[in-house]
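Asks: Heads up, this note's numbering is the position in the sequence shown plus 280, with the first residue counted as 1.
Hints should not be assumed to be uniformly reliable.
Listed next, with one range per pair, are the computed distances between beta-carbon atoms [to be verified]:
(1) 517 / 370: 29 to 39 Å
(2) 502 / 364: 37 to 47 Å
(3) 439 / 382: 40 to 50 Å
(4) 383 / 416: 19 to 29 Å
(5) 372 / 516: 23 to 33 Å
(6) 333 / 386: 18 to 28 Å
(7) 367 / 330: 54 to 64 Å
(8) 518 / 386: 32 to 42 Å
Everything labelled a hint here was simulated from the structure, so no lab data went into it.
Beta carbons are placed, not taken as given, at the ideal position from N, Cα and C, and that holds for glycine.
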Amino acid sequence: SCACIGRSAGRDSTAFSLIGAAVEGALGVVPVTGIDLFAQIVYGIRSSLFIAIVASVISILFAAVLGTAMGYFGGWLNAIAGRVIDFMFGFPGLMFVIAIMVIVPPEIPRELVLVFVLAFFGWTVPARILGAQATAVNARTFVEAARATGAPPWQIIRREMLPHLFGLIVVLFAMSLPANVSLVAGLSFLGVGLRGDVPDLGKLLSDSLPWIYSGADVWYMVFPGTVVFCIVFGATLAGDALRDILDVRTEDAS
Numbered sequence: 281s282c283a284c285i286g287r288s289a290g291r292d293s294t295a296f297s298l299i300g301a302a303v304e305g306a307l308g309v310v311p312v313t314g315i316d317l318f319a320q321i322v323y324g325i326r327s328s329l330f331i332a333i334v335a336s337v338i339s340i341l342f343a344a345v346l347g348t349a350m351g352y353f354g355g356w357l358n359a360i361a362g363r364v365i366d367f368m369f370g371f372p373g374l375m376f377v378i379a380i381m382v383i384v385p386p387e388i389p390r391e392l393v394l395v396f397v398l399a400f401f402g403w404t405v406p407a408r409i410l411g412a413q414a415t416a417v418n419a420r421t422f423v424e425a426a427r428a429t430g431a432p433p434w435q436i437i438r439r440e441m442l443p444h445l446f447g448l449i450v451v452l453f454a455m456s457l458p459a460n461v462s463l464v465a466g467l468s469f470l471g472v473g474l475r476g477d478v479p480d481l482g483k484l485l486s487d488s489l490p491w492i493y494s495g496a497d498v499w500y501m502v503f504p505g506t507v508v509f510c511i512v513f514g515a516t517l518a519g520d521a522l523r524d525i526l527d528v529r530t531e532d533a534s
C-alpha cells in the first residue's frame, strides 16, 4: 500500500520528527506513523492531479461541444442551454458535492465520483464563454461561405469553427485545472474526499491540524500546503501565459 511507503521498520516512529538531526527522508516523517512525508506528498500530487486533469478534460470537452452547437444553431438550443446554465449558477454546488461524497457507497471508487461531480459542475462557465464566442465566429464570412456550399452543420463546426476556438478551449482547460486541484484538496481536507488509505494533499493538511493546535510541529502543514499553493499558482500563471501566447480574445463575442 502507498501508506506504507517510507515506514521505518524496526524503529520507534515516535522518535522521529520533521526537522532536526533525527530527520529521515527528504522532508522527514509523519508524526506517530513514521511514514515518509515526501513520499506521501508525491503520491498526493499524483492522485490530486489525475482527478483534476480528467475532470477538466471531460468538462471542457462537453463545454466545447455544447458551446459550439449553441453558437451555430442558436434558437431553442441556445435558450434551453442558457436556462440550464443559469440554474447551475444558482445551484449550491459545493453542498451538493459534499452530500454526494458522504452518501456514496464504499464499493464505488471515490476517485470516479470526484471526477464525475467536478466535471458535472465544471462545464457551465466554459460553455457560456464558448457559446458567446462561437456565436461571433458563426457570423464570419468563412462560415457563411461553407454554409453556402451545402456542407452539413457538424462538418462546418468541426472544420471551420472548432479550429478558431481551439486556443480558447486550451486556455479554459488551463484555467479550470487549478480550481479542480483546490476542490479536490478542499474536499479531502473536510474529510469527504478520497479514502483514508489514499495519499492526498488535502488529507495531509487535515491530519496536520492536531499537531498545529498542540504546537508540536508546523512543518507537517507547511510542506503539503506549499505544494498545493505552487500547483494552483503555477497552473494559473500557465493559463495566463497560454492566453497571451495563443492571443485569445473574446471581444467579438459581445
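Asks: Now tell me if each hint is right for this structure.
Replies: Status of the hints after comparison with the structure:
no.	hint	in the structure
1	517 / 370: 29 to 39 Å	31 Å, holds
2	502 / 364: 37 to 47 Å	42 Å, holds
3	439 / 382: 40 to 50 Å	46 Å, holds
4	383 / 416: 19 to 29 Å	43 Å, violated
5	372 / 516: 23 to 33 Å	25 Å, holds
6	333 / 386: 18 to 28 Å	25 Å, holds
7	367 / 330: 54 to 64 Å	30 Å, violated
8	518 / 386: 32 to 42 Å	36 Å, holds
Taken one by one, the earlier hints fail for this structure at numbers 4 and 7, listed in ascending order.
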